[in-house]
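> Sequence:
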Amino acid sequence: MDKFFLGSDVSKGYADFIIIDEEKRTIVNSFQLDDTATGHRQLSVILKEFSDKHPNSIIYSAVESTGGYENNWFNSLLDLQRDLNIEVARLNPYGTKHNSDASMSRIITDKNAARNIAEYLINHKEKINYKKDDKYFAIRRQWKFVRMLTKQKTQLYNQLESVVYTANPEVLVYCKNGYPNWLLRVIELYPTARELSRARITKLSSIAYVTEKKALSLINKAKQSVAASTDKITANL
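If you count the sequence shown from 1, position 90 lands on 90 in UniProt numbering, and the numbers rise without skipping.
Source of the hints: derived by calculation from the structure; they are not laboratory data. None of these values were measured; they are calculated from a predicted model. Check each hint, because a few of them may be wrong.
As the list claims (entries may be wrong) - Below, in silico cross-link-like pairs of lysine-lysine (BS3-like), each with a Cα-Cα straight-line distance of 25 Å or less:
1. LYS153 with LYS176
2. LYS144 with LYS24
3. LYS232 with LYS221
4. LYS111 with LYS144
5. LYS97 with LYS111
When you get a sec, could you build the whole thing from the sequences and use the hints?
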């Protein structure tokens, strides 16, 4: 069975493709397609015509992980498995970059990158995990997104604590287990001790979970605050 290798270099809005054989000879010259319905249909037509010309063959294809830009092309290639003898892989870009460096390739273009991906499939067959259906990819992507948001949340809370520590440190006593929503609302309305010290009990106690007793305590603590920053610039942070 003849083996061919489809390299796909994905960019935002388009992708470059090339097909080579096991001897790394170009079989189908580099071509570029838009990441649109028309572009994906063209890819399907090109690969089906190629398979018709080479009936006793298999196509090994791959795209690099590029932060999600590759997903549409990856899924289209997977869909082609219904009609064509084609294998599909998603590659770590660090691996293909190392392969490019090892081949002494200096000038990197989209066309060269597509060839580099195709050659990687030949040079590192043992490292490649071809997919029939990457059904867990969406879950992994969602988990990475959640981890990113969690990290950002922690960073923002740390920044908030730093500002509050200089603007109204007395309220931090309420933050032993994180920032309660009522306190975040208080900080939003009265970002510095000076502003909180001038608050009206009626308005302050209108915030959910802030009783008149707690409002009075907050105001009294603010009046005696040792806050180092009470200026408007700090308040706007």
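> State for each hint whether it applies.
Okay, the hints, checked on the actual structure:
no.: 1; hint: LYS153 with LYS176; result: 17 Å, holds
no.: 2; hint: LYS144 with LYS24; result: 36 Å, violated
no.: 3; hint: LYS232 with LYS221; result: 20 Å, holds
no.: 4; hint: LYS111 with LYS144; result: 30 Å, violated
no.: 5; hint: LYS97 with LYS111; result: 14 Å, holds
This entry does not satisfy hints 2, 4, going by the numbered hints stated previously.
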